[in-house]
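Engineer: All chains, please: the whole structure from these sequences, using the hints.
There are 2 protein chains.
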Amino acid sequence: MTVTDELLKNNADYAAGFSGPLPLPPSKHVAVVACMDARLDVYRILGLNEGEAHVIRNAGGVVTDDEIRSLAISQRLLGTTEIILIHHTDCGMLTFTDDDFKRGIQDEIGVKPPWSAESFPDLDEDVRQSLARIENSPFVTKTTSLRGFVFDVATGKLNEVTR
Amino acid sequence: MTVTDELLKNNADYAAGFSGPLPLPPSKHVAVVACMDARLDVYRILGLNEGEAHVIRNAGGVVTDDEIRSLAISQRLLGTTEIILIHHTDCGMLTFTDDDFKRGIQDEIGVKPPWSAESFPDLDEDVRQSLARIENSPFVTKTTSLRGFVFDVATGKLNEVTR
Numbered sequence: 001m002t003v004t005d006e007l008l009k010n011n012a013d014y015a016a017g018f019s020g021p022l023p024l025p026p027s028k029h030v031a032v033v034a035c036m037d038a039r040l041d042v043y044r045i046l047g048l049n050e051g052e053a054h055v056i057r058n059a060g061g062v063v064t065d066d067e068i069r070s071l072a073i074s075q076r077l078l079g080t081t082e083i084i085l086i087h088h089t090d091c092g093m094l095t096f097t098d099d100d101f102k103r104g105i106q107d108e109i110g111v112k113p114p115w116s117a118e119s120f121p122d123l124d125e126d127v128r129q130s131l132a133r134i135e136n137s138p139f140v141t142k143t144t145s146l147r148g149f150v151f152d153v154a155t156g157k158l159n160e161v162t163r
Numbered sequence: 001m002t003v004t005d006e007l008l009k010n011n012a013d014y015a016a017g018f019s020g021p022l023p024l025p026p027s028k029h030v031a032v033v034a035c036m037d038a039r040l041d042v043y044r045i046l047g048l049n050e051g052e053a054h055v056i057r058n059a060g061g062v063v064t065d066d067e068i069r070s071l072a073i074s075q076r077l078l079g080t081t082e083i084i085l086i087h088h089t090d091c092g093m094l095t096f097t098d099d100d101f102k103r104g105i106q107d108e109i110g111v112k113p114p115w116s117a118e119s120f121p122d123l124d125e126d127v128r129q130s131l132a133r134i135e136n137s138p139f140v141t142k143t144t145s146l147r148g149f150v151f152d153v154a155t156g157k158l159n160e161v162t163r
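Those protein sequences? They're chains D and R, same order as listed. Per full-length UniProt numbering, the very first residue in the first sequence carries number 1; after that it's consecutive. Per full-length UniProt numbering, the very first residue in the second sequence carries number 1; after that it's consecutive.
Hint data in this document are derived by calculation from the structure and do not stem from the laboratory. Treat each hint with caution, since some may be false.
As the list claims (entries may be wrong) - If you want the footprint, here are the derived chain R segments under chain D, 3+ residues with CB under 8 Å:
id	region
1	18-24
2	29-39
3	64-78
4	99-108
5	132-142
Stated by the list, open to error - Pairwise CB distance ranges (calculated):
id	chain 1	residue 1	chain 2	residue 2	range
6	D	E135	R	G17	30 to 40 Å
7	D	G110	R	A15	44 to 54 Å
8	D	S116	R	R133	10 to 20 Å
We put the beta carbon where it would ideally sit given N, CA and C, even for glycine.
Structural biologist: As structure tokens, then:
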């Protein structure tokens, strides 16, 4: 039995106690962009309930074209206006360089990824970089609040990154 | 006061009851790729606890270069081997076409996005498309289980998409 099978059993329990459906647009008009890190349960960290906020996540919580695409859809079609970015302490993205990571793939399979791996050496600086990428995108035009945070995996606290 | 401020107050409550830190690598060796939809509380849907699985999310739960990047980092640096894809019923991606969406942006700001918006007309077909993109990527090489599901927002149940 795979872990996937085990998680599907958990889903049966979830469905047994489920009351739905909720409306499609996020009721709090918020979109969160966070790292994929397993320790970040975004709904719990922010006290969110189902139906309240879009949650976009990737390795690092960085902003690439796919996050711009998701934010543009979130704002233009589903009415979100506030954006919250969340990086975190002890992040895997601090532990390697793009060059080494891509060399490792090239050595294994013979093909070097054409994309950036988006590793970074400094958390606060990368939060500012992600904020700047959103501000510089012409496609994210409905933002009324844009703030970036570092989640402390030792304390559970969000610490804001000053601009 | 913004909604962001309100959510930060929730975070103070979360931090007050927090016990950490947990290890960086996901203990269940699973990566989930899901839609950003506000109604999908992935941890609750799968019965996941903090620290157990990477969670990658975007508009649609589709697989683009950024999800391949995240999965490559997840597998190569942090040891995940199982992948779970989650789309869902009543998805916003079913409600528009890429052409119309990009025309709307071009009409507003004069610039047409160079990226695909990744809208889709059929849920099961797009889950299969996302599975195929992972299988066809040379950069995701450590997968032992790859399965795709549609979450029913009316019942809370995950229904597997047959290949």
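Engineer: Look at each hint and say if it fits the structure.
Structural biologist: Do the hints match the structure? See the list:
no.: 1; hint: 18-24; verdict: holds (count 5)
no.: 2; hint: 29-39; verdict: holds (count 7)
no.: 3; hint: 64-78; verdict: holds (count 13)
no.: 4; hint: 99-108; verdict: holds (count 4)
no.: 5; hint: 132-142; verdict: holds (count 3)
no.: 6; hint: D/E135 with R/G17: 30 to 40 Å; verdict: holds (35 Å)
no.: 7; hint: D/G110 with R/A15: 44 to 54 Å; verdict: holds (47 Å)
no.: 8; hint: D/S116 with R/R133: 10 to 20 Å; verdict: holds (19 Å)
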